[in-house]
Structures are given as C-alpha cells and as structure tokens.
Amino acid sequence: ETGVTQTPRHLVMGMTNKKSLKCEQHLGHNAMYWYKQSAKKPLELMFVYSLEERVENNSVPSRFSPECPNSSHLFLHLHTLQPEDSALYLCASSLNTGVDTGELFFGEGSRLTVL
Amino acid sequence: SQQGEEDPQALSIQEGENATMNCSYKTSINNLQWYRQNSGRGLVHLILIRSNEREKHSGRLRVTLDTSKKSSSLLITASRAADTASYFCATEDFGNEKLTFGTGTRLTIIP
Numbered sequence: 010e011t012g013v014t015q016t017p018r019h020l021v022m023g024m025t026n027k028k029s030l031k032c033e034q035h036l037g038h039n040a041m042y043w044y045k046q047s048a049k050k051p052l053e054l055m056f057v058y059s060l061e062e063r064v065e066n067n068s069v070p071s072r073f074s075p076e077c078p079n080s081s082h083l084f085l086h087l088h089t090l091q092p093e094d095s096a097l098y099l100c101a102s103s104l105n106t107g108v109d110t111g112e113l114f115f116g117e118g119s120r121l122t123v124l
Numbered sequence: 212s213q214q215g216e217e218d219p220q221a222l223s224i225q226e227g228e229n230a231t232m233n234c235s236y237k238t239s240i241n242n243l244q245w246y247r248q249n250s251g252r253g254l255v256h257l258i259l260i261r262s263n264e265r266e267k268h269s270g271r272l273r274v275t276l277d278t279s280k281k282s283s284s285l286l287i288t289a290s291r292a293a294d295t296a297s298y299f300c301a302t303e304d305f306g307n308e309k310l311t312f313g314t315g316t317r318l319t320i321i322p
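Listed in order, the protein sequences are those of chains A and B.
For what it's worth, the numbering used here labels the leading residue of the first sequence as 10, then goes sequentially.
For what it's worth, the numbering used here labels the leading residue of the second sequence as 212, then goes sequentially.
If you are wondering where the hints come from, they were derived from the structure by calculation, not from laboratory data.
Check the hints yourself; a few may be wrong.
Stretch-level coverage of chain A by chain B, calculated; a stretch enters the list once three of its residues show a Cβ under 8 Å from a Cβ in chain B [claimed, not checked]:
no.	segment
1	50 to 61
2	107 to 113
Below, computed lysine-lysine pairings styled on DSS-like, alpha-carbon distance capped at 27 Å [claimed, not checked]:
no.	chain 1	residue 1	chain 2	residue 2
3	A	K31	A	K50
4	A	K45	B	K309
5	A	K49	B	K280
6	B	K309	B	K281
7	A	K49	A	K28
8	B	K309	B	K280
9	B	K267	B	K281
10	B	K280	B	K267
11	B	K280	B	K237
12	B	K237	B	K281
13	B	K267	B	K309
14	A	K50	B	K309
15	B	K309	A	K49
16	A	K27	A	K50
17	B	K237	A	K49
18	B	K237	A	K45
19	A	K50	B	K280
20	A	K49	B	K281
21	B	K309	A	K31
22	B	K281	A	K50
23	B	K309	B	K237
24	A	K31	A	K49
25	A	K50	A	K28
26	B	K267	B	K237
27	A	K45	A	K28
28	A	K45	A	K27
29	A	K45	B	K281
30	A	K50	B	K237
All C-beta atoms, glycine included, are put in the ideal place defined by N, C-alpha and C.
Looking at chain A on its own, in the form it has when it is part of the complex (with noise of 0.2 Å):
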C-alpha cells in the first residue's frame, strides 16, 4: 500500500473511445504527476500539477488531457488515442515540487491498450 491509488488497473480501448484513468492520493502531498512507461524506455514526465496548478507539460499530444481539480485526485483524460499510447501510466505524488523535491510515491500504474 503506498498511499496512491490508481484505476482502472486495466484499461481496453478503440481509437474512438474516451476514457479516464484516475489517481487519488492519501499522503497530503502537494504535487502530483503522471508518467508514461513504455518498454525499452525511459519513464516520460508528462504533467506535474502542484496545489492544483499544473506546472508542467512536456509536449505531450492534446488527445491527453489532465484534470487535477484538489491536491488529492488527478485525472487523465483520454480521446482518440493511438496504438503506440499504449504503456503503463503511473501516477505518482510527492510532498511538494521544486528544488530538492524528495522521492515520488507512485500508484501502481494503470495498463492501457489501445485497438
């Protein structure tokens, strides 16, 4: 048990649906983040929120689209996503963001494919 809490675990999607992936966190933490974790890649930062502001977007395509409407549950909404989307999201959450930040406490990933 780490504190964050991630559904769905398993996700199945077509190219046209929409869906969400939601994370919520019990440790008082300020920050939130999502990642996305290919195989053979590096874990991708893909949206930081801290005090429900998003302070980070690194590039990623607009058929993502995060939510964070309290320091405790962020969403990622998804539509018309593609076959290479599919990779474990991992959720993770931390004290606060900036400098010497700390470790991230991360959820237990949710696995999306997309058809």
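Start from chain A and add chain B according to the hints.
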C-alpha cells in the same frame, strides 16, 4: 533532457550473492534516487543520496555517488528471490528540479 543510464541492462545472479548496478548521468544534480519496480507494478522508492553525500546505507542496500565521474552504484547484499525486479536510477537535475529516469536494470535472482 538529462537521464540516468543504468548498466547492465539485465543481471542474473544466484540467491545469496551480491548484486551491483551502476548509473551514469550527464550534468550536475541535486540528488540521485533509486527505485524498484516489480513486473507491471508501480515504482517504489529505495534510497536518496544528495550531491554532497558519497555513500548511504539502508538495510541490505548500499548506494555510492561519485559526482566527479557522474556515476552512482547500487549494491544489494545477500540477494533474495524477492529482490527480483527492475531497478531505476533517477536524477533531480540542478536547475531543473524534475526527476528524470533511466531505462533500468532488470535483476533476476535465481533460487
């Protein structure tokens, strides 16, 4: 962007032996962290070493940092089957403050 690069990419050892993994990076850092990931699961933080530290221990883990060589090593002593996982180094880069990860070392402990 900067990333840590782990070496070797894969490592298989007998249970009870020590496992050593290395990480190299390119520019100045605030800190370097090691994470473990069991297959298909999330990453779990193992240890953080700051740029002004040279060595750190946590249980059976020993991490060293050589900022002059821009490298770090993770040593797992007396390995167990449960240590089978992928291990990632991540650097918090000076002036960037975002963690960037390497591609990982896949460690297999043979019972």
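Cross-check of the supplied hints:
1. 50 to 61: holds (count 5)
2. 107 to 113: holds (count 7)
3. A:K31 to A:K50: Distance ~23 Å between K31 of chain A and K50 of chain A Cα, so the pair holds.
4. A:K45 to B:K309: This hinted pair holds, its Cα atoms lying about 15 Å apart.
5. A:K49 to B:K280: 25 Å, holds
6. B:K309 to B:K281: 18 Å, holds
7. A:K49 to A:K28: With Cα atoms ~26 Å apart, K49 of chain A and K28 of chain A stay inside 27 Å; holds.
8. B:K309 to B:K280: 21 Å, holds
9. B:K267 to B:K281: 16 Å, holds
10. B:K280 to B:K267: Satisfied, since the Cα-Cα distance of roughly 17 Å is no more than 27 Å.
11. B:K280 to B:K237: 9 Å, holds
12. B:K237 to B:K281: Given pair K237 of chain B, K281 of chain B holds - Cα atoms ~7 Å apart, limit 27 Å.
13. B:K267 to B:K309: 22 Å, holds
14. A:K50 to B:K309: With Cα atoms ~18 Å apart, K50 of chain A and K309 of chain B stay inside 27 Å; holds.
15. B:K309 to A:K49: 21 Å, holds
16. A:K27 to A:K50: 26 Å, holds
17. B:K237 to A:K49: 20 Å, holds
18. B:K237 to A:K45: Holds. K237 of chain B to K45 of chain A sits at ~22 Å (cutoff 27 Å).
19. A:K50 to B:K280: Holds - the C-alpha atoms of K280 of chain B and K50 of chain A are around 24 Å apart, at most 27 Å.
20. A:K49 to B:K281: Distance of about 23 Å is within 27 Å: holds.
21. B:K309 to A:K31: 22 Å, holds
22. B:K281 to A:K50: 21 Å, holds
23. B:K309 to B:K237: The given pair, whose Cα atoms are some 15 Å apart, holds under the 27 Å limit.
24. A:K31 to A:K49: OK: K31 of chain A and K49 of chain A at ~25 Å, within 27 Å.
25. A:K50 to A:K28: 24 Å, holds
26. B:K267 to B:K237: Answer holds: K267 of chain B to K237 of chain B is near 21 Å, not above 27 Å.
27. A:K45 to A:K28: 16 Å, holds
28. A:K45 to A:K27: It holds: about 18 Å lies between the C-alpha atoms, which stays within 27 Å.
29. A:K45 to B:K281: Satisfied, since the Cα-Cα distance of roughly 26 Å is no more than 27 Å.
30. A:K50 to B:K237: 18 Å, holds
The structure is consistent with each of the numbered hints, conforming to all of them.
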